[in-house]
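This is what each chain is made of:
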Amino acid sequence: MEALIVAHGLQKYFGTFHVLQDIDFSIRKGEVVCIIGPSGSGKSTFLRCINQLESIEGGYVSVDGEIAGYRRDGNHLYPLSDRDVARQRQSVGMVFQRFHLFPHRTVLENIIEGPVGVQRRPKQQCAEEARALLKRVGLAHKADAYPGELSGGQQQRVAIARALAMKPKVMLFDEPTSALDPELVGEVLGVMKELAATGTTMIVVTHELGFCREVADRVVFMDAGRIIETGTPAEILENPTNPRVKSFISAVL
Amino acid sequence: MSDTRLADPGQFVVVPRRKIGTKILALVFITMLVLLVRAFWLGDIAWSYVGENLFSKAVMAGVVNTIIMTFCAMALGILLGVLAAVMRMSDNPVLRSVSVGYIWLFRGTPALLQLLLWFNLALIFPTIGIPGLFSLRTVDVMTPFVAAFLGLGIQQGAYTAEVVRAGILSIDKGQTEAALSIGMTKLRATLKIVLPQAMRVIVPPIGNETIGMVKLTSLASVIQYSEVLRSVEDIYYVNSRVIELLIVAAIWYMAVVTVLSIGQMYIERYFSKGWGATGRKETAPAPPATIEEAV
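If you read the sequences in order, they're chains P and E. Each step along the first sequence adds one to the number in the numbering used here, with nothing skipped, and position 4 is 4. Each step along the second sequence adds one to the number in the numbering used here, with nothing skipped, and position 164 is 164.
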């Protein structure tokens with residue numbers, strides 16, 4: 001099956017610090033890939049590069065055949081306008097560590113902001129879809145609440161619904177449970193498991209190794225800006241061969 | 001364990017602290033207030049002139065002009081301020097430089113001087129217009145109203161720009177990123193997501209500036225704009241009741257400022273939507289998570 005997202009020779013610097021070094025990565029439609037690794041290894045930065053929240057200094061990322069941030073004409077790449085970049089981002093849903101719901105909008109308004117305000121689809125229909133999404137994440141009764149009135153776990157589930165409302169081709173999760181109280185982690189992982197089970201293409205940066213083992217088709221281990229191992233959850237989590245992976249897994253478990 | 005008890009709770013009588021200092025302080029200030037009122041009462045003030053002129057036609061016209069100028073100059077100031085703030089934070093170095101230059105230029109000189117410059121523009125540019133399209137005599141265009149409007153509004157924009165920028169900076173970058181991630185352009189994210197939230201921070205200082213503007217319009221009296229100060233001056237030049245007429249102006253300024261302060265309260269309430277403080281009462285107040293997030 002053809003790859004939905006491809007990163008090839010990706011380079012990223014913060015000043016002189018080489019954050020991402022020569023990243024090669026691909027994910028097929030319907031696949032769930034978990035990215036694990038120590039903090040500062042570049043996992044989140046890689047995710048943000050896919051969604052063009054970070055600039056890229058070398059190599060490229062493509063989403064469904066389109067090179068992110070550029071229009072290709074033969075071997076020439078022309079930078080896209082702000083508007084076209086925004087259009088590309090619509091096919092990539094993103095869930096942030098700290099939710100980033102819009103606090104001045106109700107839950108329902110948060111969810112329909114994208115479909116109605118950006119995609120210009122009819123409000124009535126979008127609101128119905130939004131309510132269906134809220135039901136799916138178990139928050140049908142919170143449509144008219146403000147984000148400030150919800151718990152962290154509820155906010156994150158709304159954030160997932162907000163990203164899904166754009167009908168993205170892929171969902172990116174940037175440590176979605178790291179900012180949550182321990183007893184709220186389960187409800188968010190539960191929603192993500194359901195998404196995975198229904199064929200959503202997902203890239204998940206996480207420290208929840210249990211979730212990786214249960215849900216991931218593949219696990220990618222990053223360290224110091226490089227992908228140093230890729231494999232099935234069993235290969236990476238149960239029988240790691242690379243000593244760096246081994247010590248990380250044993251430290252986390 | 002009962003042996004460690006000091007006494008039954010009912011046994012204690014709480015004796016209130018005697019606040020002698022507070023009472024003496026109150027007495028001193030009340031005495032001073034009484035003396036002050038007495039001084040004004042016995043002073044050579046013909047209060048009848050105050051009453052006579054408070055609602056006179058000329059003064060009322062001045063009050064209306066003051067309000068109109070405050071409104072117009074603030075509208076221009078906020079428009080320019082938002083524009084300059086957004087430009088200042090853009091990625092485009094040209095827009096950024098223009099904004100910095102504008103703020104530098106119009107904060108750098110006194111408002112009175114700027115008013116005089118606009119009003120006397122005809123001295124250096126006798127005509128203004130677009131060459132070949134139209135041309136007007138500057139003296140006809142630069143009426144006291146227009147000069148005051150431009151002078152006050154443009155310099156206000158320079159201050160408002162910094163207030164708006166502070167407001168925008170107070171919003172977590174994650175809000176912009178979340179907006180971008182659902183396909184908004186940067187401009188749309190700023191206008192739809194960041195600015196409405198920044199309003200919570202922006203409104204109190206803008207309210208302050210609006211109140212300042214009410215009084216700043218008095219500068220326009222020097223370029224013949226007939227706002228309230230100018231209108232009382234015109235009266236006391238004739239009847240020489242200087243203090244009485246100035247009191248009339250003072251009463252009107254305070255009345256306008258009081259109304260504006262009340263208005264500000266309602267505007268603040270509107271923009272704190274979703275922040276728990278004045279929101280819907282039937283649900284629990286905001287958990288700390290989102291408040292942290294916005295700081």
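Warning: the hint list may mix true and false statements.
[As the list claims (entries may be wrong)] Calculated cross-link-like contacts (lysine to any residue; reagent style SDA-like; alpha-carbon spacing at most 25 Å): (1) E:K192 / P:Q97; (2) E:K273 / P:V116; (3) E:K186 / P:N75; (4) E:K173 / P:A68; (5) P:K123 / E:L105; (6) E:K273 / P:S81; (7) E:K186 / P:E57; (8) E:K173 / P:E109; (9) P:K169 / P:L108; (10) P:K169 / P:R83; (11) E:K186 / P:D217; (12) E:K173 / P:I56; (13) E:K173 / P:Q11; (14) E:K192 / P:S81; (15) P:K123 / E:K186; (16) E:K186 / P:G231; (17) E:K186 / P:E194.
[Unchecked claim] Over 10 Å on every C-beta distance to chain E, these chain P residues come out as not near it, computed from the model: (18) N51; (19) G74; (20) D82; (21) R83; (22) A165.
No lab work stands behind these hints, which were simulated from the structure alone. In this text, a Cβ means the ideal position worked out from N, Cα and C, and glycines have one as well.
A quick look at each hint next to the structure:
| no. | hint | verdict |
| --- | --- | --- |
| 1 | E:K192 / P:Q97 | holds, 22 Å |
| 2 | E:K273 / P:V116 | holds, 21 Å |
| 3 | E:K186 / P:N75 | violated, 29 Å |
| 4 | E:K173 / P:A68 | holds, 22 Å |
| 5 | P:K123 / E:L105 | violated, 46 Å |
| 6 | E:K273 / P:S81 | violated, 34 Å |
| 7 | E:K186 / P:E57 | holds, 21 Å |
| 8 | E:K173 / P:E109 | holds, 20 Å |
| 9 | P:K169 / P:L108 | holds, 22 Å |
| 10 | P:K169 / P:R83 | holds, 19 Å |
| 11 | E:K186 / P:D217 | violated, 35 Å |
| 12 | E:K173 / P:I56 | holds, 19 Å |
| 13 | E:K173 / P:Q11 | holds, 24 Å |
| 14 | E:K192 / P:S81 | holds, 20 Å |
| 15 | P:K123 / E:K186 | holds, 23 Å |
| 16 | E:K186 / P:G231 | violated, 38 Å |
| 17 | E:K186 / P:E194 | violated, 33 Å |
| 18 | N51 | violated, 6 Å |
| 19 | G74 | holds, 28 Å |
| 20 | D82 | violated, 5 Å |
| 21 | R83 | violated, 6 Å |
| 22 | A165 | violated, 8 Å |
In terms of the numbered hints stated before, the structure departs from hints 3, 5, 6, 11, 16, 17, 18, 20, 21 and 22, listed from lowest to highest.
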